[in-house]
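Read off the chains here:
There are 2 protein chains.
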Amino acid sequence: MKVGVFDSGIGGLTVVKSLLQHQLFEEIIYFGDTARVPYGIKDKNTIIRYAIEAVEFFKNFDLDLIIVACNTVSAYALDEMREHSPCPVVGVVEAGIRASHNGIKNKNANILIIGTKATINSKAYETGLKNKGFTNIQAKATGLFVPFVEENIYEGALLQESFRHYFKNITKPDAIILGCTHFPLISDALQHYFKDDVILIHSGDAIVEQLENEFTFIKKHTKPNLKFFASENPEALRGVAKKWLNI
Amino acid sequence: MKVGVFDSGIGGLTVVKSLLQHQLFEEIIYFGDTARVPYGIKDKNTIIRYAIEAVEFFKNFDLDLIIVACNTVSAYALDEMREHSPCPVVGVVEAGIRASHNGIKNKNANILIIGTKATINSKAYETGLKNKGFTNIQAKATGLFVPFVEENIYEGALLQESFRHYFKNITKPDAIILGCTHFPLISDALQHYFKDDVILIHSGDAIVEQLENEFTFIKKHTKPNLKFFASENPEALRGVAKKWLNI
Numbered sequence: 000m001k002v003g004v005f006d007s008g009i010g011g012l013t014v015v016k017s018l019l020q021h022q023l024f025e026e027i028i029y030f031g032d033t034a035r036v037p038y039g040i041k042d043k044n045t046i047i048r049y050a051i052e053a054v055e056f057f058k059n060f061d062l063d064l065i066i067v068a069c070n071t072v073s074a075y076a077l078d079e080m081r082e083h084s085p086c087p088v089v090g091v092v093e094a095g096i097r098a099s100h101n102g103i104k105n106k107n108a109n110i111l112i113i114g115t116k117a118t119i120n121s122k123a124y125e126t127g128l129k130n131k132g133f134t135n136i137q138a139k140a141t142g143l144f145v146p147f148v149e150e151n152i153y154e155g156a157l158l159q160e161s162f163r164h165y166f167k168n169i170t171k172p173d174a175i176i177l178g179c180t181h182f183p184l185i186s187d188a189l190q191h192y193f194k195d196d197v198i199l200i201h202s203g204d205a206i207v208e209q210l211e212n213e214f215t216f217i218k219k220h221t222k223p224n225l226k227f228f229a230s231e232n233p234e235a236l237r238g239v240a241k242k243w244l245n246i
Numbered sequence: 000m001k002v003g004v005f006d007s008g009i010g011g012l013t014v015v016k017s018l019l020q021h022q023l024f025e026e027i028i029y030f031g032d033t034a035r036v037p038y039g040i041k042d043k044n045t046i047i048r049y050a051i052e053a054v055e056f057f058k059n060f061d062l063d064l065i066i067v068a069c070n071t072v073s074a075y076a077l078d079e080m081r082e083h084s085p086c087p088v089v090g091v092v093e094a095g096i097r098a099s100h101n102g103i104k105n106k107n108a109n110i111l112i113i114g115t116k117a118t119i120n121s122k123a124y125e126t127g128l129k130n131k132g133f134t135n136i137q138a139k140a141t142g143l144f145v146p147f148v149e150e151n152i153y154e155g156a157l158l159q160e161s162f163r164h165y166f167k168n169i170t171k172p173d174a175i176i177l178g179c180t181h182f183p184l185i186s187d188a189l190q191h192y193f194k195d196d197v198i199l200i201h202s203g204d205a206i207v208e209q210l211e212n213e214f215t216f217i218k219k220h221t222k223p224n225l226k227f228f229a230s231e232n233p234e235a236l237r238g239v240a241k242k243w244l245n246i
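Respectively, the protein sequence lines represent chains A and B.
Numbering-wise (numbering that gives the first Met the number 0), the first sequence opens with residue 0 and increments by one.
Numbering-wise (numbering that gives the first Met the number 0), the second sequence opens with residue 0 and increments by one.
Treat the hints with caution; some may be incorrect.
Note that the list lumps identical chains together, so a pair holds whenever it fits in one copy or between two copies.
To be verified - The calculated lysine-lysine pairs, modelled on DSSO-like cross-linking and capped at a C-alpha distance of 27 Å, are:
| # | residue 1 | residue 2 |
| --- | --- | --- |
| 1 | Lys171 | Lys43 |
| 2 | Lys194 | Lys104 |
| 3 | Lys131 | Lys1 |
| 4 | Lys242 | Lys139 |
| 5 | Lys43 | Lys222 |
| 6 | Lys241 | Lys116 |
| 7 | Lys58 | Lys122 |
| 8 | Lys58 | Lys106 |
| 9 | Lys43 | Lys106 |
| 10 | Lys167 | Lys58 |
| 11 | Lys16 | Lys129 |
| 12 | Lys242 | Lys222 |
| 13 | Lys58 | Lys116 |
| 14 | Lys171 | Lys218 |
| 15 | Lys116 | Lys194 |
| 16 | Lys58 | Lys219 |
| 17 | Lys43 | Lys242 |
| 18 | Lys241 | Lys43 |
| 19 | Lys218 | Lys116 |
| 20 | Lys16 | Lys241 |
| 21 | Lys116 | Lys106 |
| 22 | Lys219 | Lys122 |
Think of the hints as simulated: they come from the structure by calculation, not from any bench.
Between the sequences and the hints, there should be enough to build the whole structure, so can you do that?
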């Protein structure tokens with residue numbers, strides 16, 4: 000099977016990492032809209048317009064499936080992408096809600112959703128979790144976490160200070176939904192800040208769980224063919240991909 | 000006179016503020032490329048492409064002058080904008096270099112340039128200051144300052160921690176070039192961190208100084224006509240403009 004993975008930038012590579020670990024797909028076509036990144040500060044209509052353009056780009060490749068690795072796009076533009084796409088489209092938000100439903104047994108568990116401003120404002124996770132019966136939900140837009148990762152800050156005093164800044168009025172959660180594909184890169188620091196008993200829900204793992212349940216016909220491939228495209232500076236994206244994915 | 004002010008987003012409003020304070024221009028047309036902001040993390044070729052598109056947009060207005068309020072665009076795309084523009088184009092980088100030359104008398108003064116990754120990588124300020132005879136120059140990309148301002152963080156523990164992060168290996172400067180139009184909003188905090196004897200060079204004031212010297216025919220207008228355009232969500236831009244500019 001041939002899959003397209005779409006993200007606003009490089010963050011979706013954390014989803015590709017999960018796909019590779021589970022040896023899914025024969026061919027992975029990654030597209031990062033690096034010329035217009037980040038999406039998380041942008042408007043609903045703009046995000047939808049960019050997402051439909053990504054579907055048009057993927058039409059060049061005769062794909063079997065599109066994975067929306069970007070939480071912001073998944074929160075706002077999944078229906079519109081499905082309307083325009085000739086193949087199925089799955090997104091990390093739906094996957095994350097499903098993974099929470101499967102992984103968190105207590106419906107009164109305190110769940111903290113963190114993400115970009117756009118993702119949090121959409122209330123996509125919140126609504127989905129409530130529909131699954133969860134009652135105790137906190138949500139916090141953590142707009143600086145993407146810039147931190149882009150600056151290669153994954154630990155240290157500045158990141159800890161930002162945790163105190165964002166989480167000062169947050170009740171200690173039982174689980175945290177990492178509602179942005181950049182956030183797995185600071186998951187160790189988050190785990191340390193909130194102590195080890197906090198469950199972290201990771202978009203990449205959530206997508207793999209959904210695919211293994213719903214697309215049981217997917218055959219394993221130890222060496223998938225990988226292609227990386229970007230709307231600017233694809234060489235830089237390929238460089239980061241090589242480093243992050245050890246390819 | 001009718002002027003166009005171009006910025007990647009809302010930061011250029013700090014330049015408009017200076018123009019208003021000095022009562023320059025009869026009509027100010029502001030264009031913020033909010034659908035593709037920020038430019039400071041992007042590639043040279045992308046920045047040039049977006050800048051030429053802004054010139055095309057301004058052709059609708061029969062302008063007398065274009066002011067590039069964005070340091071990143073000024074650093075990379077001024078020549079290309081001039082090639083495509085029917086009217087003169089001035090940029091904040093050239094203005095900042097000129098203002099430093101006029102305002103800092105000692106050529107051995109320690110000057111610190113701060114800006115986005117793209118602006119610092121361009122070495123536009125560095126080269127210009129060296130050509131003016133300055134010998135003692137430090138430059139630091141401070142990628143988090145724009146996100147801080149976008150998050151309305153202008154002071155406090157987190158911002159101070161980021162100063163320690165970025166400036167730990169910086170020798171105390173005599174002057175700082177605020178090489179990004181967002182930075183005047185954290186200038187009080189910077190002034191406090193580096194103590195009161197540090198001179199801050201501000202893009203908006205630098206442009207006004209250049210205009211008053213070179214465009215002496217500009218007539219003063221106490222109530223200029225202001226128009227704000229944005230590539231996404233112009234209402235939000237107008238809202239910020241009203242607040243920042245007290246209009």
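Tested hints:
1. Lys171 to Lys43: Neither: 31 Å inside a chain and 44 Å across chains, both beyond 27 Å.
2. Lys194 to Lys104: within (20 Å within a copy, 55 Å between copies)
3. Lys131 to Lys1: Result: close neither inside a copy nor across copies, 31 Å intra and 57 Å inter.
4. Lys242 to Lys139: between (30 Å within a copy, 25 Å between copies)
5. Lys43 to Lys222: neither (37 Å within a copy, 35 Å between copies)
6. Lys241 to Lys116: Answer is between; shortest inter-copy Cα gap is 22 Å, intra-copy 29 Å.
7. Lys58 to Lys122: Result: close neither inside a copy nor across copies, 30 Å intra and 40 Å inter.
8. Lys58 to Lys106: Classified as neither: same-chain Cα gap 41 Å, cross-chain 59 Å, threshold 27 Å.
9. Lys43 to Lys106: Neither: 31 Å inside a copy, 50 Å across copies.
10. Lys167 to Lys58: neither (46 Å within a copy, 49 Å between copies)
11. Lys16 to Lys129: For Lys16 and Lys129, neither the intra-copy (30 Å) nor the inter-copy (46 Å) Cα distance is at most 27 Å.
12. Lys242 to Lys222: within (17 Å within a copy, 55 Å between copies)
13. Lys58 to Lys116: neither (30 Å within a copy, 34 Å between copies)
14. Lys171 to Lys218: neither (41 Å within a copy, 60 Å between copies)
15. Lys116 to Lys194: within (25 Å within a copy, 34 Å between copies)
16. Lys58 to Lys219: within (24 Å within a copy, 55 Å between copies)
17. Lys43 to Lys242: This pair counts as between: shortest inter-copy Cα distance 23 Å, intra-copy 32 Å.
18. Lys241 to Lys43: between (32 Å within a copy, 23 Å between copies)
19. Lys218 to Lys116: neither (37 Å within a copy, 43 Å between copies)
20. Lys16 to Lys241: within (11 Å within a copy, 45 Å between copies)
21. Lys116 to Lys106: Within one copy only: 26 Å inside a chain, 45 Å across chains, cut-off 27 Å.
22. Lys219 to Lys122: neither (35 Å within a copy, 49 Å between copies)
Hint compliance for this structure: hints 1, 3, 5, 7, 8, 9, 10, 11, 13, 14, 19, 22 are broken, all remaining hints hold.
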